[in-house]
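Student: Letter by letter, the chains look like this.
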Amino acid sequence: MYKKRSFRLCSMAQLGFLLIFSGLLLTASQVSAVALDREARRITYAMSSEPPDLNTTTSTDQVSHMVLDHVMEGLLTYDSENNLAPGVAERWKLREDGATFWLRKGLRWSDGRPLLAKDFVFAWRKVLEPATASEYAFILFPLVNAQAINEGKLPIEALGIKAVDDYTLEVRFAKPCPYFLGLTAFSTLFPINEAFYNSRNGRYAADAGDLLYNGPFKMTEWVHGASLKMEKNPHYWNREAIWLNEVDVPYITDDGNARLNLLRDNHIALANNLGEQVLGGALQQRMQIKSFLDGGMFYLEFNHRPDRVTRNRNLRKAIQAVFSAEDYVYKVLGTPGTYPAYTLFPRWIKGEKQMFKREHPPRKPEINLEKARAYLVAAKKELGLEKFPPLSLLADDGSGGNRTAEFMQTLLKQTLDLDVKVDVQIFKQRLAKMTTGDFDMVLSGWGPDYDDPLTYGDLFMSVNLNNRGRYSSDTYDHWVSVAQSTVDVKQRMQAFGKLQDILFEDVVIIPMYERGKVYVQHPKLKRVIRRAVGGDPNFNYAVIKE
Amino acid sequence: MTAFILKRLLSGVITIWFIATATFVGMHAVPGNPLLNAKAASPEVQKNLQARYGLDKPVTTQYVIFLNNMLHGEFGISFTQKNRRVNDIIAEHFPVSATLGVLALVIAAAGGIIWGAVTALYRDKWPDATIMLFVVVAVSVPSFVFAMLGQLGILKLNELLGFSLLPVAGWGSFGHMLVPALVLGLGTMAYLTRLMRSSMLEVTSADFIRTARAKGVSTLRIFFKHQLRNAILPVVTVLGPAIAAITTGGFVVELVFAIPGLGRYFVQAVQQLDYTVIMGTTVFYGAFLVIMVLAVDIVYGFIDPRIRVGKSGG
Chain A
1 MYKKRSFRLC SMAQLGFLLI FSGLLLTASQ VSAVALDREA RRITYAMSSE
51 PPDLNTTTST DQVSHMVLDH VMEGLLTYDS ENNLAPGVAE RWKLREDGAT
101 FWLRKGLRWS DGRPLLAKDF VFAWRKVLEP ATASEYAFIL FPLVNAQAIN
151 EGKLPIEALG IKAVDDYTLE VRFAKPCPYF LGLTAFSTLF PINEAFYNSR
201 NGRYAADAGD LLYNGPFKMT EWVHGASLKM EKNPHYWNRE AIWLNEVDVP
251 YITDDGNARL NLLRDNHIAL ANNLGEQVLG GALQQRMQIK SFLDGGMFYL
301 EFNHRPDRVT RNRNLRKAIQ AVFSAEDYVY KVLGTPGTYP AYTLFPRWIK
351 GEKQMFKREH PPRKPEINLE KARAYLVAAK KELGLEKFPP LSLLADDGSG
401 GNRTAEFMQT LLKQTLDLDV KVDVQIFKQR LAKMTTGDFD MVLSGWGPDY
451 DDPLTYGDLF MSVNLNNRGR YSSDTYDHWV SVAQSTVDVK QRMQAFGKLQ
501 DILFEDVVII PMYERGKVYV QHPKLKRVIR RAVGGDPNFN YAVIKE
Chain B
1001 MTAFILKRLL SGVITIWFIA TATFVGMHAV PGNPLLNAKA ASPEVQKNLQ
1051 ARYGLDKPVT TQYVIFLNNM LHGEFGISFT QKNRRVNDII AEHFPVSATL
1101 GVLALVIAAA GGIIWGAVTA LYRDKWPDAT IMLFVVVAVS VPSFVFAMLG
1151 QLGILKLNEL LGFSLLPVAG WGSFGHMLVP ALVLGLGTMA YLTRLMRSSM
1201 LEVTSADFIR TARAKGVSTL RIFFKHQLRN AILPVVTVLG PAIAAITTGG
1251 FVVELVFAIP GLGRYFVQAV QQLDYTVIMG TTVFYGAFLV IMVLAVDIVY
1301 GFIDPRIRVG KSGG
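Protein chains in written order, with this note's numbering: chain A, 1 to 546; chain B, 1001 to 1314.
Be a bit skeptical, because a hint or two may be false.
[Stated by the list, open to error] The list that follows gives simulated cross-link-like pairs (lysine-lysine, BS3-like), each with its CA atoms no further than 30 Å apart:
| hint | chain 1 | residue 1 | chain 2 | residue 2 |
| --- | --- | --- | --- | --- |
| 1 | A | K371 | A | K357 |
| 2 | A | K175 | B | K1039 |
| 3 | A | K290 | A | K364 |
| 4 | B | K1047 | A | K428 |
| 5 | A | K357 | A | K232 |
| 6 | A | K413 | B | K1047 |
| 7 | B | K1082 | A | K153 |
| 8 | B | K1047 | A | K290 |
| 9 | B | K1156 | A | K126 |
| 10 | B | K1039 | A | K290 |
| 11 | B | K1156 | A | K428 |
| 12 | A | K490 | A | K353 |
| 13 | A | K428 | B | K1125 |
| 14 | A | K371 | A | K290 |
| 15 | B | K1047 | A | K524 |
| 16 | A | K357 | B | K1156 |
| 17 | A | K331 | A | K381 |
| 18 | B | K1047 | A | K153 |
| 19 | B | K1156 | A | K433 |
| 20 | A | K331 | A | K290 |
| 21 | A | K105 | A | K126 |
| 22 | B | K1047 | A | K232 |
| 23 | B | K1156 | A | K229 |
| 24 | A | K153 | B | K1156 |
| 25 | A | K317 | A | K380 |
| 26 | A | K433 | B | K1125 |
| 27 | B | K1057 | B | K1039 |
Because the hints were derived from the structure by calculation, they are not lab data.
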């Protein structure tokens, strides 16, 4: 009797649970987002984080730039082939002492007000105003008085920019700036309407309604940290070329696995930035994995300060002669789409007539243990050392950083009997230590800021603040200044070739790899543009195939 | 009673002040500069940035300003999300975490009580052994494993059915909450199951149950009227802290299921040294915990006068 009763009781509980559960399932079945909707011309996408800052004057990160490149446009822009093309400006003239841009007539902001030359004047001045504290202010430094204004030494009105009339913009350079056109397509140089900016009382770009748009899309919804929506901008001048009506971003997660699962369940059209842990699963699913080079160049950077043993060139040469980028990339890193690197300049950089790497092929270091040991002996002699003190190797605490540091540690111990002390730090602390020079070697990297090899080349100029190893060479500085101010393409490319040679000969750094970003894309989604510079990915010209 | 509540309130305020101060000191002691970015900024830009966030003032002044703002319930603007007030971040994302947490708690409490009762009824028989095995697993396996398994489970289920029964991730409908809440509540459910089981067993062997049985009261009636009612008391008492733990502990679940809760801001802020968000979320969570514990204490005081007397007497 007792047993029977309790059994009934138990099944009652189970029944209750079942009822609740099926009720939940019923409400749950109203699932919204679909990866692609050809009828509505809508695609769905997941971002890895909320855009931290959509104010173009201060924004520095890729996620914000990705959104901005859809909803805003500069004087020039990128076309469906990812080439520079007319944007707000329909034509221009670049001179050694400046540039003139002729704006399209009848352009409108998303609320209908006219877009005029003065909107650029306001925006660029705002970037350089000291109170803005823009980290990308340096991009405008080629302009007359820009740096002095940014340092608070001159009023913002002194800037070399002028709206001659509503549709003509005149820019004056302090020195020739052959790469200026590429800069105008970068979000820092996008226009801002002054009256609107001031009307937001410091909340400009804080919400979807606190921005004016002039790009192919406009943001119609932005729930912070949760979702955003971009819809076609009816005021955009080239609206006929835009096929999509809507880019919907209902998911924000930093978890690559979650993004891949969303794609597998047909909820998003592109799963971007997948980590290596995720890749195994994707490969098993026989998904078509794609990759593209995102411009990230990674290398071992030496500390060239006079109190460090790594200032010795022979020591650096010894390390160069034992490190094989190929072995490292294929045996240790093993990320698909990532290439071994032998130079600071990515393989997709264009040269004078063909690719830069064809015109100026980088030199591969010869892996030779005998020579390496000879270099080391010479280094000891020059430094007056019996034995090398342990070298500190600074690294990031990310998954790759640890592994790479351990690989270097083992390599240098086994080949050169050098002791390496690995110093793993969180990102901000690694930067702090790099800035103060608290390292012998550091696993470091660089991503491009603008569309020109100079964004890489000037990195090891003695006055560059990002040159954290404080490498200093007059010859290097000379070739950088040639590349900065020469208008002739051939001469410029030769200058970059020289820089590449110095980096190798002087072993300023040891290049390690060129990063490939791995992603999976819905097979029906076409014409998505991947970019190393600025916002990525770009759906402006995307279409859904039948 | 009023004196008791006032006393508890005062100690609550002191606790929150202590949390705020300890976090402030700890945060400034952590190496690294919050305004440092991958790209180096010129000394001028750095100076301007520091002035913008008030970091150019001495730490003691910063502390006084912070305390003053905290008294007015203002935590400033996020360092990384440049246009957002910390108050807005909390106001927008805590309700999400709370909703998920409450659902998780309902599942945990319901599950814990039912499974606990079942294991006690079937003591040392196979249902007991099976459930207790699951309990051990649920207690010892970390939540990110369950989160990933849960998501994979939904995916497989949808693939099997050929349509999306449940969303893999995201937020908005009830379906979005179901599996994340289950995953989030699993640990607590396991804990409550064990608690419920032991307290049920204790009650079952009590004299009044035997008396009831001897009187010929039906098993069902004994179960609901006597066993469950008495056994559930200790379970209720742990619910207060459990609410706080669940609503604040969902970081991994929020990440995996792309849920816009407060948890990820809490964790990311620490990673990115976002001073204002660290302070805001820590103080907020601290206050929330303090209030929860206080609420339990007050309810306790009503239920069991001995506690009240003991406190005010001591």
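Student: Look at each hint and say if it fits the structure.
Tutor: Structure-based check of all given hints:
1. K371(A) <-> K357(A): Distance of about 27 Å is within 30 Å: holds.
2. K175(A) <-> K1039(B): Holds, at about 24 Å.
3. K290(A) <-> K364(A): holds, 27 Å
4. K1047(B) <-> K428(A): holds, 18 Å
5. K357(A) <-> K232(A): Violated, because 39 Å separates the two Cα atoms, which is more than 30 Å.
6. K413(A) <-> K1047(B): violated, 43 Å
7. K1082(B) <-> K153(A): Holds, because 26 Å separates the two Cα atoms, which is no more than 30 Å.
8. K1047(B) <-> K290(A): Distance of about 43 Å is beyond 30 Å: violated.
9. K1156(B) <-> K126(A): Distance of about 52 Å is beyond 30 Å: violated.
10. K1039(B) <-> K290(A): holds, 29 Å
11. K1156(B) <-> K428(A): Violated, because 40 Å separates the two Cα atoms, which is more than 30 Å.
12. K490(A) <-> K353(A): holds, 9 Å
13. K428(A) <-> K1125(B): Measuring from Cα to Cα gives roughly 56 Å; hence the hint is violated.
14. K371(A) <-> K290(A): violated, 40 Å
15. K1047(B) <-> K524(A): violated, 50 Å
16. K357(A) <-> K1156(B): At roughly 46 Å apart (the allowed maximum being 30 Å), K1156(B) and K357(A) break the hint.
17. K331(A) <-> K381(A): violated, 34 Å
18. K1047(B) <-> K153(A): holds, 14 Å
19. K1156(B) <-> K433(A): Roughly 46 Å between the alpha carbons, so the hint for K1156(B) and K433(A) is violated.
20. K331(A) <-> K290(A): holds, 20 Å
21. K105(A) <-> K126(A): Roughly 24 Å between the alpha carbons, so the hint for K105(A) and K126(A) holds.
22. K1047(B) <-> K232(A): Between K1047(B) and K232(A) the Cα gap is close to 40 Å, so the pair fails against 30 Å, i.e. violated.
23. K1156(B) <-> K229(A): Holds, at roughly 29 Å.
24. K153(A) <-> K1156(B): Roughly 64 Å between the alpha carbons, so the hint for K153(A) and K1156(B) is violated.
25. K317(A) <-> K380(A): Holds. K317(A) to K380(A) sits at ~13 Å (cutoff 30 Å).
26. K433(A) <-> K1125(B): Violated. K433(A) to K1125(B) sits at ~61 Å, over the 30 Å cutoff.
27. K1057(B) <-> K1039(B): Given pair K1057(B), K1039(B) holds - Cα atoms ~24 Å apart, limit 30 Å.
Of the numbered hints given earlier, the model fails hints 5, 6, 8, 9, 11, 13, 14, 15, 16, 17, 19, 22, 24, 26; all others are met.
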